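Participant: Chain by chain, the residues run as shown.
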Amino acid sequence: MAGAEATPAVSFIEVSRRFGDVRAVDNVSFDIADGEFFSMLGPSGSGKTTCLRLIAGFEQPSSGHIKVHGVNVEGVPPYERDVNTVFQDYALFPHMSVGENVEYGLMIRKVPKAERRSRAADMLKLVKLDGMYARKPSQLSGGQRQRVALARALINRPRVLLLDEPLGALDLKLRESMQNELKAIQRQVGITFIYVTHDQGEALSMSDRLAVFNHGRIEQIGTPSEVYDHPASQFVAGFVGQTNLVDGYLGQRLGGFPGLYAIRPERIRILPPDGEVPMGMATIDGRVDSITYLGATSRVEVEVEEGRLTVIEQNLEGGTAAAGRDTGANVRLIIERRHIQPVTESQ
Amino acid sequence: MRSNVKAGWGLKGAALAGMLFLHIPLLIILLYAFSIEEKSFVFPIPGFTTKWFAVAFEREDVRRALGLSIKVAAIATAMALVLGTLAAAAVWRSRFFGREAISLLLILPIALPGIITGIALRSAIGIAEIPFSTWTLVLGHATFCIVVVYNNVLARFRRTNRALIEASMDLGANGFQTLRYVVLPNIATALLAGGMLAFALSFDEVIVTTFTAGQQSTLPIWMLSELIRPRQRPVTNVVAVFVIAVTFVPIVLAFYLTRDTHDVAGSVK
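These protein sequence lines map, in sequence, to chains S and F.
The numbering used here applies: residue 3 is where the first sequence begins, and numbers increase by one.
The numbering used here applies: residue 509 is where the second sequence begins, and numbers increase by one.
Hints are supplied without guarantee of correctness; some may be wrong.
[Claimed, not checked] Sample of chain F residues facing chain S (criterion: CB under 10 Å; computed from the structure):
1. A628
2. N669
3. R670
4. Q685
5. L687
6. Y689
7. N694
8. S733
[Said to hold, decoys possible] The following residues of chain S were derived to be distant from chain F, with all beta-carbon distances above 12 Å:
9. D84
10. D132
11. L172
12. K175
13. G240
14. I286
15. L296
[Said to hold, decoys possible] Here are the in silico distance ranges between beta carbons for each label pair:
16. M527(F) / Q62(S): 33 to 39 Å
17. N317(S) / W600(F): 51 to 57 Å
18. L692(F) / S207(S): 38 to 44 Å
19. A609(F) / V191(S): 22 to 28 Å
20. S18(S) / I635(F): 22 to 28 Å
Hints listed in this document are in silico derivations from the structure and should not be mistaken for laboratory results.
As the structure is a prediction and not an experimental result, all values here were calculated from the model.
We put the beta carbon where it would ideally sit given N, CA and C, even for glycine.
My request is simple: use the sequences and hints to build the entire structure.
Facilitator: Following this line, the structure appears as structure tokens:
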């Protein structure tokens, strides 16, 4: 690594964590930059939560090294790490008030009571819970508990904040507004956020970068647009967003070489059967099999030679290209070649 | 679910009869504590007096038996609180080889007839040539006191979010601080309830006591021996009233303290 570069907030160097025969984390290496909003995305059991617990210190690596701000954290217990966690089910202390929960870390570090109080008040203001100091966690809604958990972690001014599916238990509307709020708070406090989620929409909308986990390994790391537009593997293409996976005859026809390709449904355009194909575009003729109206978009299933492709069209004013065409109509599909993404096969 | 169906007169009557059957004997004991007749139980009592209370508290054997009972119950309860809580924490927090077996072995003293526990301890004490003392009694009582604490605390642990301990550690608290600020406050009422039940069980235990006491008399043993001698009979009743009070208060308290927790396995012997 070049000396001019800042020390990463968190580094994984060939880290594995085995539980018996199961490799929960399998030889994983990555760096997370200071101040970054980094997401670990993957299905349940993919190793993302284990990675988080390795950083927090609740698990120890079976092999490899983990560094937090350049310091090897092997054998350092959770209470000596400059890292705090927002737990999936919040894990608020039920016998303490909201304020006592928020102050817990300061109380343990013997910060004087007056300072504790004022910092807790500031934190509660930050998460929009002013005046809730004396409430018990059981008197709060799910969204409010989530905020208390966030305040309880942030009050310690950690250098890295770990969030374990913090919005998983909230309903959709609340989740969306909390996503914006979390992102705003992260910008405000400037702390590295490491965010574990299985929700690809969440990961894409909030992260500076994300890592896609599968079977204990990282399939791809990149910015949301890199991961979405240039999925490295079949798994990433399928897990992050919808995709058409083509191989065999259709793969060769569209990609130019035999292989496996991923094509995002919204990258395919529908033309009339005799439509002119612009230069440099791949094309294939087909027949509309079904049209599903989805509000802002419509999903069009098109049967082509040796396969079928899903197309997502914007429902623009004045109708769509598919509008007016019925099931069974002949169409011509065109795709820019750069959107036909070769991907590696996944297990 | 509570049903809104009203109980019929037959059921009410049967319930009342059951309650009377259970509790009239207690009233009889209470009544004869005030009788002037000291050799036999005659009804109605020939006269009312409170002198037996004074007599009972002046008798050296009563005081000694009472003292021993309180001492044994207190020590056995203290031991049970520590060991039962540790065992419950181990069974709750970790998975290890033989966990189920240990769980079963812990509960065994309360599931087995007391006489088996008694004989087993008696033989063990005999083989090891340990002289009978307060400590052999404490040992015998601790076997079932631990179960009560263990069951109460384990039930509380099972309803406690494990992540609380991780959250506390994550926020900078070491093991001892986590125990003090998070674990103990969360199991405090379970400890209180379990401890009081354990104390009450130990205080009136007869069977295991008989086998581990040697020549010593705890209060229940003293009462049994006293029934054979027809001298100052109401003194026994006075002591019985005292035992009812000592046993009743903690059990009622324990009941109220754990009322909000529906699955406390109190499993009274």
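Participant: Take the hints in turn and mark each one as holding or not.
Facilitator: The hints, checked one at a time:
1. A cut of 10 Å between beta carbons decides the hint on A628(F): the least distance to chain S is about 39 Å, and the hint is violated.
2. The interface hint given for N669(F) holds, since its Cβ lies 6 Å from the closest Cβ of chain S, which is under the 10 Å cut-off.
3. Residue-level restraint check for R670(F) holds (minimum Cβ-Cβ distance to chain S is 9 Å; threshold 10 Å).
4. Hint on Q685(F) holds. Least Cβ distance to chain S is approximately 6 Å, under the 10 Å limit.
5. With 10 Å as the threshold, the beta carbon of L687(F) stays out of range of chain S, its nearest partner Cβ sitting at about 13 Å, so the hint is violated.
6. Against a cut-off of 10 Å between C-beta atoms, the interface hint on Y689(F) holds, since the closest Cβ of chain S lies about 8 Å away.
7. Taken as an interface hint, N694(F) checks out: its beta carbon lies about 6 Å from the nearest beta carbon of chain S, inside 10 Å.
8. Taken as an interface hint, S733(F) does not check out: its beta carbon lies about 48 Å from the nearest beta carbon of chain S, beyond 10 Å.
9. Not every CB of chain F is more than 12 Å from the CB of D84(S) (nearest about 10 Å), against its label as outside the interface.
10. Every beta carbon of chain F lies more than 12 Å from that of D132(S), the smallest distance being close to 22 Å; the non-interface claim holds.
11. Here L172(S) stays apart from chain F, with its beta-carbon at least about 17 Å from theirs, past the 12 Å limit.
12. Consistency note on K175(S): stated as away from chain F, and its beta-carbon is indeed over 12 Å from all of that chain's, at 26 Å minimum.
13. No Cβ of chain F approaches the Cβ of G240(S) within 12 Å, the least distance being about 32 Å, so the stated non-interface status holds.
14. Listed as outside the interface, I286(S) is consistent with that label: its C-beta sits roughly 52 Å from the nearest C-beta of chain F, beyond the 12 Å cut-off.
15. At roughly 38 Å from the closest C-beta of chain F, the C-beta of L296(S) stays outside 12 Å, upholding its exclusion from the interface.
16. Between M527(F) and Q62(S) the beta carbons are some 60 Å apart, a value that contradicts the proposed interval 33 to 39 Å.
17. For the hinted restraint 51 to 57 Å between N317(S) and W600(F), the CB-CB distance of approximately 55 Å keeps it satisfied.
18. With their beta carbons about 43 Å apart, L692(F) and S207(S) fall inside the hinted range of 38 to 44 Å.
19. At about 50 Å, the beta-carbon gap between A609(F) and V191(S) misses the expected band of 22 to 28 Å.
20. As the Cβ distance of S18(S) to I635(F) is approximately 53 Å, the hint placing it in 22 to 28 Å is violated.
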